[in-house]
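Asker: Required output: the full structure, derived from the provided sequences and hints.
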Amino acid sequence: MITPLTGSIAVLGQDSKKAAEVAQDIINAAGGIGGRPLQLEIVDTQGRPEIARREMERLTREGRAPVVLACDISAGTSGAAQFAESAQVPLLNGSAVSADILARGYKWYFSHQMSSDDEAATAFAYMKTATGAKPLAERRIALLYEDSPRGAGTGERLRKLMDANGVKVVSETTYNRADRNLLPVMRKVQDSTPELVIWIGYTEDVVAGMKAARQLDFKPYVLGIGGGMGDPRLPELVDPAIIEQLHVVNVDYFNPDIKRAAAFRNAYLKKFGTEPSSYAGTCYAAIFTLKAALEAALKASPDLTTTSMRDAFRKLDIPGDETVTSFRSIRFDPANGRNLGAEDLVAAWVDGKRKVTVFPPSIAVGKPVMLP
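The opening position of the sequence shown corresponds to residue 5 in our numbering, with each subsequent residue numbered one higher.
A portion of the hints provided could be inaccurate.
To be verified - Simulated pairs of lysine-lysine, DSS-like, Cα-Cα distance not exceeding 25 Å:
| # | residue 1 | residue 2 |
| --- | --- | --- |
| 1 | 215 | 192 |
| 2 | 223 | 357 |
| 3 | 319 | 111 |
| 4 | 138 | 172 |
| 5 | 263 | 371 |
| 6 | 357 | 263 |
| 7 | 371 | 357 |
| 8 | 319 | 303 |
| 9 | 172 | 192 |
| 10 | 111 | 295 |
| 11 | 215 | 164 |
| 12 | 275 | 263 |
| 13 | 263 | 22 |
| 14 | 132 | 172 |
| 15 | 303 | 111 |
Claimed, not checked - The calculated label-pair distances, taken between Cβ atoms and stated as ranges, are:
| # | residue 1 | residue 2 | range |
| --- | --- | --- | --- |
| 16 | 192 | 35 | 52 to 58 Å |
| 17 | 277 | 164 | 41 to 47 Å |
| 18 | 275 | 219 | 35 to 41 Å |
These aren't lab readings, by the way, just hints derived from the structure by calculation. Cβ atoms here follow ideal geometry from the backbone N, Cα and C, with glycine treated the same way.
Answerer: Right under this line is the structure:
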């Protein structure tokens, strides 16, 4: 399993590592996989494409791994996927959302995670639900996102979707996720006087931006996208009053309050004393998809090979209610490895301290937060 344990996005890797520990505990307590215990070798990529590619080569050529799990950002996963395709080794993506990787039509890449297209579609559907009496086309909406393939990919797809539906964007602002002084960025967004800011970012840059917004007394409604604005540690990293003032809701991969996530949430809380983040939830779910593929491959042959693992992934069809996610199912498109059943959820922060799933209606625990 490759993941960024150090570097600017280490929080993703550390949470994924914790999720892996919980998954291993649960799987092995139930008899393992085909009677054998599961043990994941967890490798640090620092979120850097060149390291992800180098570790893929080491794991598959020296370690002869028949499959690799990536719980990494899109940039790192992209480098790993490129090598996996040339080496013909299955790579299961548990975290990256970039649709650009899917567009390459790889045959050895399987993305358990939703894509940036899914995120954009969910964000737009939620906006239409929450706009109230005032039409969405009359709202002043700003786009704000970090400039990596992950942030830019979702931001650009959402803007195109809004353009196609006659919804205006009053400003579109990007920043580098390593920047911790976001005061000039937030001032630029503020100058466009938006009612709603759609913000795509990671935890560290979201925290810096929220603190900047408070300095500027900037209080738009915020629709976040991704694990940053949905991080359960957010009330510890910023004053909860900031979260409440911004009326934050978030398009996310996972929220621990949905019914199907209860067993994982309880095990994670017991082991680590904290709620599992989106990063933890999506990596945990991917490990169980890997488990299903391993079991199927071992039934076909006692010797795991790259080909038997690829074939097992291609045949998977797991109902959504058997996962901890909001997915309809887990079934991979043979053309590009996309999970055809992937679906985001939307969670709202309540009192700046806890998240409640409010969309889609099929799994909602609370009601959508309406724009005034």
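Asker: Look at each hint and say if it fits the structure.
Answerer: Right, here's what the structure says about each hint:
The straight-line distance between the Cα atoms of residue 215 and residue 192 is roughly 15 Å, inside the 25 Å bound, and the hint therefore holds. Of the supplied pair hints, the one linking residue 223 and residue 357 holds, its CA atoms being roughly 18 Å apart against a limit of 25 Å. For the given pair, residue 319 sits about 14 Å from residue 111 by alpha-carbon distance, which is consistent with the 25 Å threshold. This hinted pair checks out: residue 138 and residue 172 have alpha carbons roughly 14 Å apart, not beyond 25 Å.
Of the pairs offered as hints, the one joining residue 263 and residue 371 holds, with about 16 Å between alpha carbons and a cut-off of 25 Å not exceeded. Between residue 357 and residue 263 the CA atoms are separated by roughly 20 Å; this keeps the pair inside 25 Å, and the hint holds. A hinted pair counts as satisfied when its Cα atoms are at most 25 Å apart, and residue 371 with residue 357 qualifies at roughly 17 Å. Using a Cα cut-off of 25 Å, the hinted pair residue 319 and residue 303 holds, with the two alpha carbons roughly 13 Å apart.
In summary, the hint linking residue 172 to residue 192 is supported, as the alpha carbons are separated by about 17 Å, within the 25 Å threshold. Proposed proximity of residue 111 and residue 295 is supported: the alpha carbons are some 20 Å apart, at most 25 Å. Pair hint residue 215 plus residue 164 does not hold up; C-alpha atoms about 29 Å apart against a cutoff of 25 Å. With a C-alpha separation of about 20 Å, the suggested pair residue 275 and residue 263 falls inside the 25 Å cut-off, and the hint holds.
The suggested pairing of residue 263 with residue 22 holds, with an alpha-carbon distance near 21 Å, which does not exceed 25 Å. Annotation: proposed proximity of residue 132 to residue 172 holds, straight-line Cα distance about 14 Å (limit 25 Å). About 22 Å separates the Cα atoms of residue 303 and residue 111, which keeps this hinted pair within 25 Å; it holds. Range check, residue 192 to residue 35: Cβ separation about 56 Å, and the 52 to 58 Å hint holds.
Between residue 277 and residue 164, the C-beta spacing of about 43 Å keeps the proposed range 41 to 47 Å intact. Between residue 275 and residue 219 the C-beta distance comes to about 38 Å, which sits within the given range of 35 to 41 Å.
Checked against the numbered hints given earlier, the structure breaks only hint 11 and satisfies all the rest.
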